[in-house]
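Q: Residue numbers for the sequence shown follow this note's numbering, so the first one is 1 and each next one is one higher.
Calculated directly from the structure, the hints in this document are not laboratory data.
One or more of the hints may lead you astray.
To be verified - Taking lysine-lysine pairs in the DSSO-like style, the calculated list, with each CA pair at most 30 Å apart, reads:
hint : residue 1 : residue 2
1    : K54       : K30
2    : K30       : K58
3    : K13       : K54
4    : K13       : K30
5    : K58       : K13
What the hints assert, rightly or not - Quick list of simulated restraints, FRET-style, between CB atoms:
hint : residue 1 : residue 2 : range
6    : R10       : Q38       : 31 to 39 Å
7    : R17       : L39       : 19 to 27 Å
8    : K13       : L39       : 16 to 24 Å
9    : A33       : D61       : 13 to 21 Å
10   : H5        : G47       : 17 to 25 Å
11   : E67       : K30       : 16 to 24 Å
Built from N, CA and C at the ideal position, the CB exists for glycine as well.
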Amino acid sequence: MVAYHPTARRNYKRSMRQRIEWQDLWATAKANADVSLQLFGDRLVDGVPFEPEKLVSKTFDMDWALERLAAALEMPADHH
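Please put together the full structure from these sequences, using the hints given.
A: Put into structure tokens, the structure is as follows:
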């Protein structure tokens, strides 16, 4: 996410929100991540845990994102 954040910020327009299939994107990302996460006994939530504007915000913070995911899974956050 951190590597793609500057590009996403530059290219995302609020008007795109309704044309992007956020649940499909999350499902694909989750499927890709689940293989690796299973090695560590971790998982991701099924529903999209972030609002699009939060992901492309200039104040996006990876620790906040990890805390949000942990809260959605009801488990302690593991900061990077």
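Q: Hints numbered earlier in the text: which of these fail when held up against the supplied structure?
A: 7 and 8
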